Amino acid sequence: AQSVTQLDSQVPVFEEAPVELRCNYSSSVSVYLFWYVQYPNQGLQLLLKYLSGSTLVKGINGFEAEFNKSQTSFHLRKPSVHISDTAEYFCAVRARSKAAGNKLTFGGGTRVLVKP
Amino acid sequence: ETGVTQSPTHLIKTRGQQVTLRCSSQSGHNTVSWYQQALGQGPQFIFQYYREEENGRGNFPPRFSGLQFPNYSSELNVNALELDDSALYLCASSLDQGASGNTIYFGEGSWLTVV
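If you read the sequences in order, they're chains A and B. When the letters of the first sequence are read in order and numbered with the numbering used here, they come out as residues 1 to 116. When the letters of the second sequence are read in order and numbered with the numbering used here, they come out as residues 117 to 231.
Simulated from the structure, these hints should not be mistaken for lab results. Among these hints, one or two may not hold up.
To be verified - With beta-carbon atoms standing in for the labels, derived distance ranges: (1) B:T130 with A:N41: 38 to 48 Å; (2) B:G119 with A:L56: 20 to 30 Å; (3) B:E117 with A:P79: 26 to 36 Å; (4) B:L199 with A:E16: 37 to 47 Å; (5) A:V11 with B:S123: 41 to 51 Å; (6) A:L56 with B:Q133: 41 to 51 Å; (7) A:E66 with B:T229: 19 to 29 Å; (8) A:S52 with B:T130: 46 to 56 Å.
To be verified - Residues of chain A clear of chain B, computed beta-carbon distances all greater than 10 Å: (9) E15; (10) Y36; (11) L56; (12) G62; (13) E64; (14) N68; (15) S70; (16) I83; (17) D85; (18) R96; (19) K98.
From a predicted model like this one, the values you see are computed outputs, not experimental measurements. Idealized CB from N, CA, C, for every residue including glycine.
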């Protein structure tokens, strides 16, 4: 079984400032890692994913995340946020097996509010 | 635009009633799963269908059931609705059960309110 903890439920940040959203996970098996964004009244959009290789992953809209196996973390960062980045962000994991299928385990989400 | 469409977008039901939610997967995707997202929480996995067979289920009671059709569209059925079933229901599709980390695409969801 897997579990995901997003350490901050809300993160207020000023426009053009950097932001970091923290994600820690627990799993007895190797996992893939994902960050999704959910804009108000919308579904989930994939920001980026870590499958293998370089631990620094770049995604859409200027976001990047770093996988740290020893700390079982996958923190999301953006060097300069825009008002349009106001949204809820979800970290998720999926076991590395075909049997796991589409089963994503999500964290509770971090609400980012970008202030002018 | 993910290519995953869901209907209806919003609906209100009375406790004890039954509801059917529908999902059209992205073209060619043979795997569909459903998630429940309660207000202020992350999505919770309900179940998955692969080539018309259920092959994975989360911690949800049997009154949550589903179907996947030959064209890979899908339905989520919930019987004997309870107030706690009020949530956003998300459909997600991928190719071949998300093998090798294939991207999983989500629809915009169906908002269910049980009164």
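So, going through the hints one by one against the coordinates:
| no. | hint | in the structure |
| --- | --- | --- |
| 1 | B:T130 with A:N41: 38 to 48 Å | violated, 24 Å |
| 2 | B:G119 with A:L56: 20 to 30 Å | holds, 29 Å |
| 3 | B:E117 with A:P79: 26 to 36 Å | holds, 27 Å |
| 4 | B:L199 with A:E16: 37 to 47 Å | holds, 43 Å |
| 5 | A:V11 with B:S123: 41 to 51 Å | violated, 34 Å |
| 6 | A:L56 with B:Q133: 41 to 51 Å | holds, 50 Å |
| 7 | A:E66 with B:T229: 19 to 29 Å | violated, 40 Å |
| 8 | A:S52 with B:T130: 46 to 56 Å | holds, 49 Å |
| 9 | E15 | holds, 25 Å |
| 10 | Y36 | violated, 8 Å |
| 11 | L56 | holds, 17 Å |
| 12 | G62 | holds, 19 Å |
| 13 | E64 | holds, 18 Å |
| 14 | N68 | holds, 18 Å |
| 15 | S70 | holds, 21 Å |
| 16 | I83 | holds, 22 Å |
| 17 | D85 | holds, 19 Å |
| 18 | R96 | violated, 8 Å |
| 19 | K98 | violated, 5 Å |
When each numbered hint is compared with the structure, violations occur for hints 1, 5, 7, 10, 18, 19.
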